[in-house]
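K.L.:
The opening residue of the sequence shown carries number 4 in my numbering; numbering runs sequentially from there.
What the hints contain is simulated information worked out from the structure, not anything from laboratory work.
Positions of the beta carbon are idealized from the N, C-alpha and C atoms, including for glycine.
Quick list of simulated restraints, FRET-style, between CB atoms:
#1 Leu72 x Phe271: 18 to 24 Å
#2 Leu229 x Ala62: 48 to 54 Å
#3 Val149 x Leu65: 35 to 41 Å
#4 Phe102 x Val155: 33 to 39 Å
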Amino acid sequence: MTSMSTKTLPERGDAGQQSTAGPKRSADSRRPVLGRTARGRQTRAAWTLAVPFLALFLAFMLLPVAWSLLMSLTDTKSADLRTPLNVSFVAFDNYVRLFQDDQFLHALRNTAVFVLVGLPLTLAAGLAAAVALDRGIRRFRAVFRVGFYLPVITSIVAIAVVWKTLLEPRTGLVNTMLGWVGIDGPAWLADTRFALPVMILMAVWRNLGTVMIIMLAGLQSVPQSLMEAAELDGAGAWQRFWRVTFPLLRPALLLTAVTTGIGYLQFFDEPFVMTQGGPLDSTLSATMYAYNQFGNGNYEVASAAGYVIFVLIIALTVLQFRVLRDKD
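Based on the sequences and whatever the hints tell you, model everything.
P.N.:
Rendered as structure tokens:
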């Protein structure tokens with residue numbers, strides 16, 4: 004009898020564990036369900052908020068980009084808009100036509116000159132203005148900041164019209180001032196030697212404010228202790244700037260170089276307002292060539308030109324990242 008009672012009756016500790024194990028397992032099993040439900044509500048709310056943007060992005064960005072890529076591989080003309088399924092697939096014939104077109108090659112050369120000359124000048128001018136505001140100019144610093152940055156927020160069309168008025172060969176202020184010192188000023192925008200350099204100069208003047216603001220932020224983030232240590236080691240002002248300050252400005256320099264380079268590869272407003280691409284296509288840009296082809300109804304050529312510009316933007320950006328990225 005004694006042995007049977009000891010076998011059948013559970014121990015007190017085991018009974019306690021058995022009595023509490025059931026509710027504990029049920030609570031643990033409910034916890035992931037509740038977590039999944041809350042996470043699911045958050046996910047549904049996030050998608051609900053994102054759907055309007057995704058719909059607009061799909062309708063006005065992704066579909067037009069995909070359609071333009073398809074158009075660049077077909078013989079789509081303006082007359083084919085009513086019957087888009089009747090166009091023929093021509094593969095890369097439009098791209099071959101582009102690089103056999105002397106006008107497009109001339110537009111690419113103009114764009115290359117605009118970028119290769121204008122981009123370094125803009126970065127150098129913006130950096131010089133930032134250094135002057137950071138160290139040289141003490142009084143009216145805020146006024147100079149606003150003055151340098153004001154062209155950035157001004158309409159490019161208004162700026163182009165003002166510059167065109169200033170450069171008028173007979174009544175413009177520039178030639179009038181040159182006449183005061185006995186110099187007969189040229190027809191700046193009607194001369195193939197000066198039209199593109201004038202636009203490069205205007206672009207540098209207009210965009211150096213953006214570079215200046217970003218560089219100024221980079222200069223003010225340089226630790227003063229590094230400058231003091233370099234000065235104690237006998238480094239001069241130029242050595243401190245070149246070996247201490249400039250390497251720390253690489254992120255700011257990369258940002259301004261990429262954004263400015265992308266804008267310069269797509270320069271359009273200046274020649275469109277001031278010269279219409281003339282004289283003799285000396286200010287014709289690649290984007291303006293694509294615009295003209297689109298206006299002439301050659302949608303396939305215009306789309307192909309747009310994708311050539313897109314590839315050039317990618318190539319320039321990759322090159323800038325390789326050259327200017329932090330070596331560490």
